[in-house]
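> So the protein sequences, as listed, match chains A and B.
The first sequence begins at 1 in our numbering and counts up one residue at a time.
The second sequence begins at 277 in our numbering and counts up one residue at a time.
These aren't lab readings, by the way, just hints derived from the structure by calculation.
Accuracy of the hints is not assured; some may be wrong.
[Unchecked claim] Computed cross-link-like contacts, BS3-like style, restricted to lysine-lysine with a CA-CA straight-line distance of at most 30 Å:
| id | chain 1 | residue 1 | chain 2 | residue 2 |
| --- | --- | --- | --- | --- |
| 1 | B | K359 | B | K435 |
| 2 | B | K419 | B | K435 |
| 3 | B | K419 | A | K8 |
| 4 | A | K8 | B | K435 |
| 5 | B | K359 | B | K419 |
| 6 | A | K8 | B | K359 |
[Stated by the list, open to error] If you want a taste of the chain A side facing chain B, the calculated C-beta under 7 Å gives, among others:
| id | residue |
| --- | --- |
| 7 | L12 |
| 8 | L16 |
| 9 | V19 |
| 10 | L20 |
| 11 | Q88 |
| 12 | P90 |
| 13 | A92 |
| 14 | I100 |
| 15 | A207 |
All values reported here derive from a predicted model rather than from experimental measurement.
Glycine included, C-beta positions come from ideal geometry on N, C-alpha and C.
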Amino acid sequence: MDGFTRYKRLALLFPLLFVLVGLFLGGIVLAVQESFAAPRELLQDPELRAALGFTFWIALASTVISTLTGVALALGLQNSRSAMSLLQIPIAMPHLTMAIVLLHLASPSGLISRIAFALGFIQGPGQFPDLVQDPYGLGIILTYWIKETPFLAVTSLALLMRSGRHYEEVAQNLGAGYWDRLRFVTLPLLAPAILPAALIVFAFVFASFDVPFLLGRSYPTVLSVLAQRYFQSSELTGRPSAMLVSIFMTFISAGLAAIYLQVSGLLRDPKSVVLP
Amino acid sequence: MKKLALFCLWPVAMLLFLSTAQGWLWPTLLPREFSLRAWNFVVEQSGGPLVTSLSLAVTVAILSTLISLPAARVLALHSFTGKRLLLWLLFLPLLTQPLASAMGLHGLFLRYGLTDQWMGVLLVHLIPSVPYAALTLMASFSKLDLDLEAQARTLGASKWQVWRHVTGPSIAPGIALALTLSFLMSWSQYLLTLLIGGERILTLPIVLVGFEKSGDGAVAAAMSLLMILPPTLLFVISNWFLRENQSLE
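Input sequences plus hints: build the corresponding full structure.
Structure, rendered in structure tokens:
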């Protein structure tokens, strides 16, 4: 261990503290100050309430389906090493670009609608169901699903490859069938890596902006888009309202970060960190 | 494996198709013709945004790594009061968009003339990028063999020599990953750039969304492909780099 004194440690931490405390926390404090001018009625605003429910719905739905498919994909790919490299491609794609792809795929004039017409399911673009800019956020959820499934698959795959197949082989020798092995051996092995990864996806989707901004409609919308709309509005109460919404989002994220630290085991072992 | 390749590559194929489709009217499955109009346009027009995006991302990557290097060592190898709090603080901007921070800083930056400026955008990009770099480097430092450093010192190595021959090489994969991840955070950033840079600091994402919203999907698709290129290359290189390092062990 280095024999660093307290002051030397502080000096080494200082650049990091400048960013975390100076910029990050400092910005939040300034936002809190400005938020005091927000109108009281904001909390009763139906648009804000709708956004709150809509944001939770999108985050929860995206997390659940991507976790299920991500784990299933990893289980199906167990023996392949090149899968890891291939899966890096959708992971490396910025969310913005995936939203562009989905926009031209699932919109009423997109590729799926054209295929539906060619097959005779619909007679005009107006008959195509709303998949983007729809009231349930289906296009948004679809985008996150496609984008986050590879992330969860890679996280699970990394653990499966590290832990090997010994336990499963033992269970098989003892006469356990496929489903029993999955339920009592493989999934419990995976849980410690999947839980933090799913939490990351939830927290990320909860606060993200790009995808709902491109694929969502204006009502209901997610909290981040609403906050940005308030921020850019010319009304006097716009800025303080934006601050209030974003501070509320910070509170939720702070709670999620605290849970993440608990379940990820980062405090015990920094090597085990799962990065988004 | 072919199915997986299809699953991973179809978005890229779709973007290639969209960027070259000309006169793709509903309900035709194929466009009237394929053309390089969007690509010609992107080659001619996107020099500015490309330079802005690249200069921001490269600077953010280098600064984030330099800022995190000393701190990551302390965080990985020392225990001190407030460490838990600091780690939690480190995770916060990483788990979420630092939206409240950026909005709060906007007022301050306005007073000091940092809004609508490259420098102001750089500062807010550091907020989500630094945690990535710090956590990656922390993981590397926690695997560092301190006895090796001590041995080198006993043998008379100077501070610089210890870093150059012992510490540096053993955390090199971590440095590569820290640079990559913090580069990507800045490269794919849309909201923070929009909030602080207004529509004056034109990065690729800002221009791309502008084209998509104004109805020129072909140009937006071509720019999307341009945006995907560096992340993919960086991931391939860092994967290769990590594998090389593993084979050395």
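> So, for every hint listed, does it hold in this structure?
Hint-by-hint comparison with the structure:
Pair hint K359 of chain B plus K435 of chain B holds up; C-alpha atoms about 27 Å apart against a cutoff of 30 Å. Among the hinted pairs, K419 of chain B with K435 of chain B is consistent with the structure: their alpha-carbon atoms are about 20 Å apart, no more than 30 Å. In summary, the hint linking K419 of chain B to K8 of chain A is supported, as the alpha carbons are separated by about 22 Å, within the 30 Å threshold. For the hint linking K8 of chain A to K435 of chain B, the alpha-carbon distance of about 16 Å falls within 30 Å, and the restraint holds.
Under the criterion of a C-alpha separation no larger than 30 Å, the hint pairing K359 of chain B with K419 of chain B is consistent with the structure, at around 19 Å. For the hint pairing K8 of chain A with K359 of chain B, the CA-to-CA distance comes to about 15 Å; that is within 30 Å, so the pair holds. With a cut of 7 Å, the hint placing L12 of chain A at the interface with chain B holds, because the nearest CB-to-CB distance is about 4 Å. Restraint check, L16 of chain A versus chain B: the minimum CB separation of about 4 Å is within 7 Å; hint holds.
About 5 Å separates the beta-carbon of V19 of chain A from the nearest beta-carbon of chain B, less than 7 Å, and the hint is met. Interface restraint check for L20 of chain A: the shortest CB-CB distance to chain B comes to about 5 Å, inside 7 Å, so the restraint holds. The restraint placing Q88 of chain A at the interface with chain B holds, with a minimum CB-CB distance near 4 Å, inside the 7 Å limit. Interface restraint check: P90 of chain A against chain B, minimum CB-CB distance 5 Å, threshold 7 Å, status holds.
A cut of 7 Å between beta carbons decides the hint on A92 of chain A: the least distance to chain B is about 4 Å, and the hint holds. Satisfaction of the interface hint for I100 of chain A is found here, the shortest Cβ-Cβ separation to chain B being roughly 5 Å, below the 7 Å cut-off. With its C-beta approaching chain B no nearer than about 4 Å, A207 of chain A sits inside the 7 Å limit, and its interface hint holds.
Violation of the numbered hints given earlier is absent; every hint is satisfied by the structure.
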